[in-house]
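Participant: Guided by the hints, dock chain R onto chain Z, whose structure is given.
Protein chains: 2
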Amino acid sequence: TIDATKTADTYAPESVGTVMRDNFLAVPEEFTVAEATQFLRQNEIGQKSKYYVYVVDSWQVLKGIVPIRNLLTASENQKIAEIACPDVISVHVNEDREKVAQIIQSREFLSVPVVNDQGKLLGIINTKDILGIVEAEATEDFHKMASVSALKTSLKTASVSLLFQKRVGWLLVLVFMNIFSSTGIAFYEDTIASMVALVFFLPLLIGSSGNAGSQSATMMVRALATGDVKLRDWASFLGKELAVSGLLGLAMGLAVAGIGFYRGGAEVAVVVALTMQIVVIVGSLIGMSLPFALNKLKFDPATASGPLVTSIADIAGIMIYFSIATWYLGYVGMM
Amino acid sequence: TIDATKTADTYAPESVGTVMRDNFLAVPEEFTVAEATQFLRQNEIGQKSKYYVYVVDSWQVLKGIVPIRNLLTASENQKIAEIACPDVISVHVNEDREKVAQIIQSREFLSVPVVNDQGKLLGIINTKDILGIVEAEATEDFHKMASVSALKTSLKTASVSLLFQKRVGWLLVLVFMNIFSSTGIAFYEDTIASMVALVFFLPLLIGSSGNAGSQSATMMVRALATGDVKLRDWASFLGKELAVSGLLGLAMGLAVAGIGFYRGGAEVAVVVALTMQIVVIVGSLIGMSLPFALNKLKFDPATASGPLVTSIADIAGIMIYFSIATWYLGYVGMM
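The listed protein sequences correspond, in order, to chains Z and R.
Here the first sequence stands for residues 2 to 336, numbered as in the numbering used here.
Here the second sequence stands for residues 2 to 336, numbered as in the numbering used here.
Next up, chain Z with everything else stripped away, as it sits in the complex (with noise of 0.2 Å):
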């Protein structure tokens, strides 16, 4: 849970300074180690969250940080100063609350304090405070995933009016979407009427493209989010997805060209086998690929979510099904 402190309003949204404690122990640098030892005793409020004492000059400017039990080990009449480790790793008040989450991640802090651009020391993050921000930014990524709008309230107690605010926009720009879908079917009106069992294999060729698609999207969102892959990997995914894909596609072609040659015969096997090979590659590569996109362009790759995923695949599972429909029914008729 993030501590919402006073001063919460006045800093950008998800910035640092909207989750900073302001709970931290700092004492002047010209202290002696008797003199901080004094001070911590006298300050025992709020003691659980203090493991470092902040070394600051006389305009509150982080200049060091001692960690608590090193004042056990340093003998009392040092200066702090002199104990204090000089190169403090802080971040800044307006930073990214994610990048924050990333750098203490990526090191041994309990801590990391908080400055403004004068140096000046104004909070401190704790890695509970992190833990906090890690669960809410990945239950964001959960919601964009499923084309829900960041929900920020607890679903408990978000209301009927603001559930359907959050939902209503994607499904409506997804309906639009669908209609690329429709229209790809009334273009191929002819094919179906002249053999409606085409229809038949629809649900289940365009599902697998969308299926497909969505797993290669959300683990790419989810790579991304966590640092595993960076924006330069796509073309070395690109080799891989299409390997990893293509063996998807053989194994989903050969299960469904039974059920082909069971309902049509030994040429809807094989439009059915051939499109499913070809829309599960096609599915993947649009679902892999996107992220990237979007991200390149400045958008958040989890808007690349399994519902969009699926209506793009969609549209050109359709395409491909009913091209190729057309074009080997049409073949084979004429022999």
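The reader is advised that the hints may include incorrect statements.
A pair holds if it fits inside one copy or across any two, identical chains being indistinguishable in the list.
Calculated cross-link-like contacts (lysine-lysine; reagent style DSSO-like; alpha-carbon spacing at most 30 Å) [said to hold, decoys possible]: (1) 231 <-> 299; (2) 299 <-> 100; (3) 231 <-> 157; (4) 153 <-> 241.
Derived from the structure by calculation, the hints contain no laboratory data.
Facilitator: Relative to the frame of chain Z, chain R by itself:
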């Protein structure tokens, strides 16, 4: 990142034992504060994660905990056992790692001691480790939500054959689920043949049902994973989901009524709008209920993936659409 200690392979998968660290400080209960401080000075190695001193008896059984800063404020001759907090919250070495994440998040700890059946102190888990666990668990849920089996490795280093194995299982299961959709279509082949224009709206209607269902399922899976929603909350969500999806269905029904009228006149407009209203509600209720049902049956709620919910919603959507079409168009035809 989670440190795998040398004992990692002797504990259950995803248990606390596989992620705990052994760089803790433990002192015998008969030590004085001065002796403990002395001990601390002599054990500077790996000091960065040492914020507590654990107090143990001669069998290494955990007896209490002393925050290191309390050594500063205690008098030198006090027994360590006197200043120790005796009610230590510890976790069992075989406990699921996800449970520990919830314990540490709900309290102000920075680390939690790990014990065995006899209460013997075996290691510690700190907030940094928990961060790694929370991220890994979220990634696992992301993948499950897209019908990918848990990957466990970096996407970047995963081989083609591993990725194929993790994806093909669910894709094949979903293909065979889609056969139900296809069978539904085959069942209504006469209705379709008599009015091929109906196929035009098929992707749009069943797509919307699946999208609404994905939204509901994802929000519910995530809320169950973070503890925002509990199993007993199902009934209270049912009413809210009905209200939200009713409104969504209304908005989407109105959006497609115009297209229906344009493509096929008043009858088609009525069928399409009515179907949309119903399938959005049904899809949403399926999506919302499936994670609860899976949880109740001791499955991971995240198994209620977008593609699975979409496939089930598709079957329901097709049956609803062609039932309404057959009934209404037959009824209109008789007038």
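Participant: Tell me the numbers of any earlier hints that the structure contravenes, in ascending order.
Facilitator: Going through the list in order, the structure violates no hint and respects every one.
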